[in-house]
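S.K.: Mapping of the sequence shown onto mature numbering (1 follows the signal peptide of the UniProt record, and there is no 0): residues -25 to -1, 1 to 300, in sequence order.
Note that these hints are calculated values from the structure, not bench results.
You may find that some hints are simply not true.
[Unchecked claim] Below, a list of computed lysine-lysine pairs in the DSS-like style, where the Cα atoms sit at most 30 Å apart:
1) K253 / K153
2) K237 / K295
3) K7 / K237
4) K153 / K76
5) K216 / K237
6) K196 / K163
7) K113 / K198
8) K34 / K297
9) K33 / K198
10) K196 / K178
11) K271 / K237
12) K153 / K122
13) K253 / K33
14) K216 / K7
15) K196 / K34
16) K113 / K237
17) K295 / K271
18) K237 / K196
19) K178 / K163
20) K237 / K34
21) K216 / K122
22) K253 / K271
23) K295 / K76
24) K123 / K153
25) K76 / K258
26) K122 / K178
27) K258 / K7
28) K33 / K196
29) K216 / K113
30) K237 / K258
31) K33 / K295
32) K198 / K216
These figures come from a predicted structure and were not determined experimentally.
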Amino acid sequence: MKKYNILSISVLTFLILASCAPKVAEGYDSEKGYVGNISISGAFALYPLAVLWAEDFKKENPHVRFNISAGGAGKGIADVLSNMVDIGLVSRDLHDQELEKGAYPLVVAHDAVLATINTAHPNYSLLMERGLSQEELKGIFLTQAYKKWSDIDSRFVEEPIQVYVRSDAAGAAETWAKFFHASQEDLKGIGIFGDPGLAQAIKDQALAIGFNNVNYVYDLKSKHYSEGISALPIDLNADGKLSPDEDFYDSIDLLTQAIAEKRYPAPPARELMFVIRKDKQTKLLEAFIAFVWQEKEQAYLLENGYVPIQREYLPEALQKLKARD
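Construct all of the structure, not just a fragment, from the sequences and the given hints.
M.R.: In structure tokens form, the structure reads like this:
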């Protein structure tokens, strides 16, 4: 199977930004097939997949144009509800008010949010052996009970913890906060825009801690950590050490297997969704969504750091798509 390094696709250069994108034109021509435009915006986590799926769909339907941009899950929701785009890319649970306004979620993949640290951290080896528990992470990101690394463990350096969070309305941040039974607004730290920006902030500061989507932590070619950044393991049973059944971070393959087997907790494991409007149903839009659920398109996911949806979910999903009006 052909392997795609989908993060090499530029966020800025995939056709036209969705802020000026045309809407879907219903269109099935007996000679040309599907004809029209699909505009998409939203979560950084789902953006690379959306681009890959759009490229594949265009190979079979050359008269369809896509306009795709990444700007966070909050932007995706806002854009689809205001009719600026046809599909919002969303990486968090929908709020009741969003559902009431007509947002309609369709799961297309699974992934996870990871705690991240710099590989140059002076206690890196110990952190990888020990991990941090949910309560310890809560004390960093939420309650600020820990100001210095040594406040967590006397073996750690007596230096301030540099905490980074997302400044934009983000599915990753909402999902990470939900791990502590909180919301994004409750997270404490220096706000950084976007997943790429947050990953870079971690790489630039040896004493940093943050959180990122899987594909901004691992290199898809080597299957191991990208240079300068690492996942920070979660000590699930809070016993102060990483046991074998908690140790699945060394490669992206081990991690995605743990997510699929539900050994990595949810949250911060999560569903990735296309969100459309209930009142917006076209043959073209339905065809594209059904296309991404095909086995061939779902097969790209594991090798690119995502987890496919379960095959038994598909008949129900297709019925849900067609019955939404």
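S.K.: State for each hint whether it applies.
M.R.: How the hints compare with the structure:
1. K253 / K153: Since the Cα atoms of K253 and K153 sit roughly 27 Å apart, the hinted pair holds (cutoff 30 Å).
2. K237 / K295: 25 Å, holds
3. K7 / K237: Cα-Cα ~44 Å, so violated.
4. K153 / K76: Measuring from Cα to Cα gives roughly 23 Å; hence the hint holds.
5. K216 / K237: 20 Å, holds
6. K196 / K163: Given that 30 Å is the threshold and the Cα spacing comes to 34 Å, the pair is violated.
7. K113 / K198: 29 Å, holds
8. K34 / K297: 24 Å, holds
9. K33 / K198: 29 Å, holds
10. K196 / K178: 19 Å, holds
11. K271 / K237: Measuring from Cα to Cα gives roughly 24 Å; hence the hint holds.
12. K153 / K122: Satisfied, since the Cα-Cα distance of roughly 22 Å is no more than 30 Å.
13. K253 / K33: 25 Å, holds
14. K216 / K7: 60 Å, violated
15. K196 / K34: Holds, because 25 Å separates the two Cα atoms, which is no more than 30 Å.
16. K113 / K237: 21 Å, holds
17. K295 / K271: 21 Å, holds
18. K237 / K196: Holds, at roughly 25 Å.
19. K178 / K163: 19 Å, holds
20. K237 / K34: The hint is violated at about 35 Å.
21. K216 / K122: Measuring from Cα to Cα gives roughly 21 Å; hence the hint holds.
22. K253 / K271: 27 Å, holds
23. K295 / K76: 18 Å, holds
24. K123 / K153: 24 Å, holds
25. K76 / K258: Holds: K76 and K258 sit about 22 Å apart, inside 30 Å.
26. K122 / K178: Holds, because 20 Å separates the two Cα atoms, which is no more than 30 Å.
27. K258 / K7: 14 Å, holds
28. K33 / K196: Distance of about 26 Å is within 30 Å: holds.
29. K216 / K113: Since the Cα atoms of K216 and K113 sit roughly 17 Å apart, the hinted pair holds (cutoff 30 Å).
30. K237 / K258: 35 Å, violated
31. K33 / K295: 24 Å, holds
32. K198 / K216: Holds: K198 and K216 sit about 24 Å apart, inside 30 Å.
In this structure, the hints that do not hold are numbers 3, 6, 14, 20, 30, in rising order.
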